[in-house]
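Chemist: Need the complex rebuilt from these two chains, each delivered in its own frame; the hints are there to steer you.
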Amino acid sequence: MIREIAGVIKREWKWMLFEKKYLILALVAPIVFTLTVDLVYSHKKVLALPVVFVDQDHSQLSRAMIRAVLSNETFKSAGMIGSAEEFPEQVAEDRAHVCFVFPYGMERDLKARRGARVEVLVDESNYLAGSVEMNNAIAVFKPFSVLAEVRMMEALKGAPPTLALRQSMPMDVGVRTWFNPGFTSNYLNFVAIGTAYIALQLAALVIAIRSGSSEFGERSFQPLRAATQRPFVLAAGKVLAYLAPVLPVYLLVMLMPHLFFGAPLVRTGISFWVVLIWFPATMITFSYGLSAMTKDAVFASEISTVLTLPNFLASGYTWPDIAFPKALLLLKYGMPMATVAFMMRKITLMGGTLADCGNQLWALTGWTIVAVVVAWSGTRRILAHNLPGGN
Amino acid sequence: MAASLLTACMREAKRILSDSRIFVLLIGGPFLYAFVFGGVYWQGRSQHVPIIIVDQDHSALSRGIVNALRASENVQIAGWANSPDELPELARREVAYACVMFPANLERDMLAGRAPKVAILLDGTNTLLAAPALGAVRSVVASYQIGISSKVLKASGVPPGSATTATRSISLVGRPLFNPTGHYGYFMLIGLVCAATQSVIRMAVGVSIGFDRYDRMCQELKPADLSTAWLYASKVLGTCAVTLPAVYGAVASVLTLFGTPHRGSLLLVWLAVTMYVVLQVCMGYGYFGLCKSPLFALHVHMFMASVLFIVSGFSWPYYAMPAALQVVAHVLPIFHMNCIMRKVNLVGVGVGSVLPHLLSLCVFLGLAYAWGYSAFKKWVVSQKATSPEFPQSIDC
Chain V
1 MIREIAGVIK
11 REWKWMLFEK
21 KYLILALVAP
31 IVFTLTVDLV
41 YSHKKVLALP
51 VVFVDQDHSQ
61 LSRAMIRAVL
71 SNETFKSAGM
81 IGSAEEFPEQ
91 VAEDRAHVCF
101 VFPYGMERDL
111 KARRGARVEV
121 LVDESNYLAG
131 SVEMNNAIAV
141 FKPFSVLAEV
151 RMMEALKGAP
161 PTLALRQSMP
171 MDVGVRTWFN
181 PGFTSNYLNF
191 VAIGTAYIAL
201 QLAALVIAIR
211 SGSSEFGERS
221 FQPLRAATQR
231 PFVLAAGKVL
241 AYLAPVLPVY
251 LLVMLMPHLF
261 FGAPLVRTGI
271 SFWVVLIWFP
281 ATMITFSYGL
291 SAMTKDAVFA
301 SEISTVLTLP
311 NFLASGYTWP
321 DIAFPKALLL
331 LKYGMPMATV
341 AFMMRKITLM
351 GGTLADCGNQ
361 LWALTGWTIV
371 AVVVAWSGTR
381 RILAHNLPGG
391 N
Chain W
392 MAASLLTACM
402 REAKRILSDS
412 RIFVLLIGGP
422 FLYAFVFGGV
432 YWQGRSQHVP
442 IIIVDQDHSA
452 LSRGIVNALR
462 ASENVQIAGW
472 ANSPDELPEL
482 ARREVAYACV
492 MFPANLERDM
502 LAGRAPKVAI
512 LLDGTNTLLA
522 APALGAVRSV
532 VASYQIGISS
542 KVLKASGVPP
552 GSATTATRSI
562 SLVGRPLFNP
572 TGHYGYFMLI
582 GLVCAATQSV
592 IRMAVGVSIG
602 FDRYDRMCQE
612 LKPADLSTAW
622 LYASKVLGTC
632 AVTLPAVYGA
642 VASVLTLFGT
652 PHRGSLLLVW
662 LAVTMYVVLQ
672 VCMGYGYFGL
682 CKSPLFALHV
692 HMFMASVLFI
702 VSGFSWPYYA
712 MPAALQVVAH
722 VLPIFHMNCI
732 MRKVNLVGVG
742 VGSVLPHLLS
752 LCVFLGLAYA
762 WGYSAFKKWV
772 VSQKATSPEF
782 PQSIDC
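So the sequences go chain by chain: V and W. Just so you know, my numbering puts 66 at position 66 of the first sequence, and the rest follows in order with no gaps. Just so you know, my numbering puts 403 at position 12 of the second sequence, and the rest follows in order with no gaps.
Excised from the complex, chain W in its bound form (with noise of 0.2 angstroms):
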């Protein structure tokens, strides 16, 4: 029985891989996320934004804000313009993305007393980009208005300690925790890697199958006595066989090369991806059965990918969407396995706390299992009944 298993898997396992069809997919896949996604964030932050200068008061105080935004890493100066109304034209050809103007008499009235402002004009069709450029200027701003008021109470005889305490009477101390540099990478890299998984281990499956012929599979199993429960238990056998290794090499990658944070128990994210992985493969199975085609169930894959990301709340988080659709989100294995990937990874959580997850991960295991076995015995029962000479030995 364990020898007709393992011939039975083998029989699964070199067929995927001689099949360029299915190895690309399966192998090539997830590597190919890891490393594009992986590139496209290596730089974890919006940096050096181009912006515009619009200086009507060409005094000591405009310069020195300039000279300090020049200092700033997250805005480039892409050069000066004569007014405001120029930012929307350059934000469409892709020149600026913001401008900070200098009203006129912007010295005169601060040091009068008057209060004048800084403006600044954003393009905010992109909030990756607009917020850099905003909290650049923000902070360069503050540390001028810090730096007036300590000035303007030491020349009315304050001490200077009282003075500096004066004018920062209230500060507020942000400690973003788990990802303290807010590196974008960080925060996406591994949900995507599970969601890139989730789709071409699912369209590799149907495709798999669907290229299979239940004769051929007789006639090379043959001395096998396997029973279609074992049958298919030697497919999902075989295929992770083949995906597990390339699934646990991009995760390595995404979690060494290109460094996102694991400070949590590298045998619980194992064990999650392992399980995620079976999880698929029979997944694939029952897609294929209620698309009956490779083919369509390759375009059914197509169009879930991205919404099945965007609606497991890995991006957009799951308690910002309408109370229907946080209910969507629970019942989608992504959901708990990116969820089980960012606390391991980034919060550093033990088994604990991410015990929920893993046994609705156990529970989808389970239902998708069968949902795969019965597909997979539908399947074999119109390839019978389209090629009715087969061995006995087979028989379901």
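Pulled out of the complex, with its shape left as it was, chain V reads as follows (with noise of 0.2 angstroms):
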């Protein structure tokens, strides 16, 4: 039987080579794709961020804040502007995304213990910079705001500095990550394995459609020879075909983002390599199948983009599931790269293991089973046609 397996693997990669372009595409494809959408995230955080003041105090103050606010990676200036009625326009010229306005008889009120109020506008029309602005500017403010009350308490109350400091502060929050400690900064590691993922698929997807359809006509100079023509052969010979080059660049795609770009890679046991395998099986018996059966690879192709365009991002990776309405849970596991990425995270990034990936194991589980009856049914329907007397 192994002989006829590879038979089939043979007669498979005279196939593939007999028009290159689609191998050459699902093979370069997901390692330009990765290092693409890496490099976009390459600098891990939003930097330089350019921001406006407005200074109705002009103050020491004022002053002393504005230089903290440059000070910190995260903003350059981009000049002063007379109001926060001016602000919007920079926005939609793209000049600015964050204000700074400093009120008049702020550093006056302060003095006189009546309390001071900086207001930041942030342009929260990007989310994801709105929310990197407002915590960066909460960090900045913070010592000014615990300094004044510092100020404030050995005034009001005559207490020595250290004490005036305990009580202004009576009660604090230590933070501690888990698996991304510069998370709410560094963006590459949260998705440099889902976006992986996107490109990973397609290609195990994209390399075999063809391998079904063509049986129906196409491949008239390769008929199928009668040791090949017993579906359990044909169907394994088939997928060992296409999982063979595939495997290679799953591997570096999964590698790509820790070697080039310090993502981290927590674990690589034999958790990580039951994963890396079996998901490109899946996916390549299933396209086998679908190609098989539709008879058509643009039809099976289409099927495909249905399945993968809207993955990634309706698949609970970046926007978490528990925010997704009830109805549309079941889209999640409907799709088969969102149980992989979560699978790939727990075990890369969180340093676990199979055990800890319940749900994606069913849910891979299921996909696999829908994989080989695609195939099983697809492989009788070429059996069919290429025996003596099929249609």
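Note that these hints are calculated values from the structure, not bench results. Be a bit skeptical, because a hint or two may be false.
Using 27 angstroms as the maximum straight-line C-alpha spacing, the simulated DSS-like pairs for lysine-lysine come out as follows [unchecked claim]: (1) K21(V) with K683(W); (2) K111(V) with K542(W); (3) K683(W) with K14(V); (4) K295(V) with K683(W).
Modeler: Below you can see the structure in the form of structure tokens.
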């Protein structure tokens, strides 16, 4: 049987090399895709956001605050404007995305123990940039606020500085982040695996999408031999033939964010290898079956498009599934990439194993069963067509 | 001439509407994505993030903070744990994504003025999950901080008004403009529809031209007298006639059904959408010319769909990308389209502010039309070579 499977593999490889452009696309596109996307996130955080200032106070304090804002790497000065009313126009022209307003009499009010207010206008039309802007503004102003409170405590209570400091911050929040320590700013660690799997999933689907449909006339120069007319031999040979060139690409693409861009890779144990091989095998089996069932590679590709295009954003990988309407939760598990991207995140980023992938394991098993059934039906159609007397 | 052009347009529209492979992509594509993403982002914010509590203090203060957290819509208490070490395991199993820990003697230390810490441990693998949890804990603790400081001052004999001021000496007032609730759907949805539209139009055009045959076209348009340039124009117009209503509908559903604000001129939105659709149809021909097969063009577009959206800077801002990629973003039509859609709909700007983007779209439209025409001409030549018998009346 092994010899027969090897025969099918050889036949498929000849077919792959017959029209090389499909093979090259499936193998090179994921690498280019991942490199490009990782490059987009290579700064890892939003840097040098243009900010404008409305300084109506013109005081020592407002100038110190401006210096503090500009010493934060997130912000870069885009100049001063006369009024906050001008800010929307600045946003519209992409000249600034944050505006700090220091109101008239800020320092005077603070000295008179009346408290002061700094306004931060944030362009929230880009949610990701807006969140970073707001967090960094809070971080910049917190020391000023604490210092002012300490001074007031000293003045009001006559408390010594150390006691005043403790009383101005009677309780603190200590934050410890697991798995992705720079999470508020390091976006690359968070998205790299998910985006890589967009391309990897496509590679597995695209490479085998002509393997079934081509048996219905297109490959008359490569007739099926009697030995290859057993369903298991034919299906296994085809899946293995396409899996062989795809696997090194999977490995390379999974390692690229780690090797080139410093993304973490906590664990590469047996769980990693199981998921790395299992998913493309399932997708190739599904793609081959779909191609044979539809007898039309274009139609099969269109079905794959519907299945893959919304994957990344509707899979719960970025937008969390707890924020999905309940009726759409099935969507998450109905998309093959979602399961594997979560599994890989748990293994490579969180140091987990297959034992931690409960729901995802079931979903991928479900997809494997669907793929095998589709491939089996497709194989029977191919054999019925190619057997003497078949139509 | 006009009648011939109309006939050719009608032929193209009929072909698209009668071929399920093209029709489903062109008509269903924009709607499918508008509704899938609109549904997914319906809630707009990550709420009720499951967290666990480790209470080693068992004091009135820790119970008070837990009650305040329970009232927050951002988090949901999934249970109590004995130690924060349980969080990694629970996070891997998707049971909880954050742990709030009250250390032993929290209340006692605070009453003694020793500034104790409330610890929050976060699963940082998803920023959109961790940020609401952190925000909820910080805001609850900040309220307690202010309350405690104020009480301490009052107890020291400071008048209540001065005590409150002293505990909030400099307050930072954040005013998120254009999307005040931070609704994720308002920020993403319109850009996703533009990205999906780009991909499905290019794919459908590739399939459409790939399965058309020049000799059949000549037979069906026998009485017509159209040059290759007019034939191309008729194909573009015919495709747009079918595509535009679908894309208008998808954009309208984003603005009405899914509530994305539209503060600017709707006319400007429709003008941009029209230009964008025509541009994508022409680029569909151009890409087909490069790929030379509908299947290969389809595969190329499948790979390009997501990467073009990411590079366009719609989600991750283009100004946070490396300089070389910022240049690439500017030469993508989707970048300008997304800028127009975001600025007109969310910021509410007029023509003046988006003029550079509109002009860029015009330039791209001209280039795409020329590129598509060149690809179409090559297709005609190759078709003539394979079927030499065709009516001379439609010869280019």
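Chemist: Does each hint fit the structure? Answer for all of them.
Modeler: Against the structure, the hints come out as follows:
At most 27 angstroms may separate the alpha-carbon atoms for a hinted pair to count; K21(V) and K683(W) meet this at roughly 11 angstroms. Annotation: proposed proximity of K111(V) to K542(W) holds, straight-line Cα distance about 22 angstroms (limit 27 angstroms). Between K683(W) and K14(V), the direct Cα distance comes to roughly 22 angstroms. Compliance with the 27 angstroms bound is thereby established for this hinted pair. At roughly 21 angstroms between alpha-carbon atoms, K295(V) and K683(W) fall within 27 angstroms of each other, so this suggested pair holds.
In summary, the structure agrees with every hint in the numbered list given earlier.
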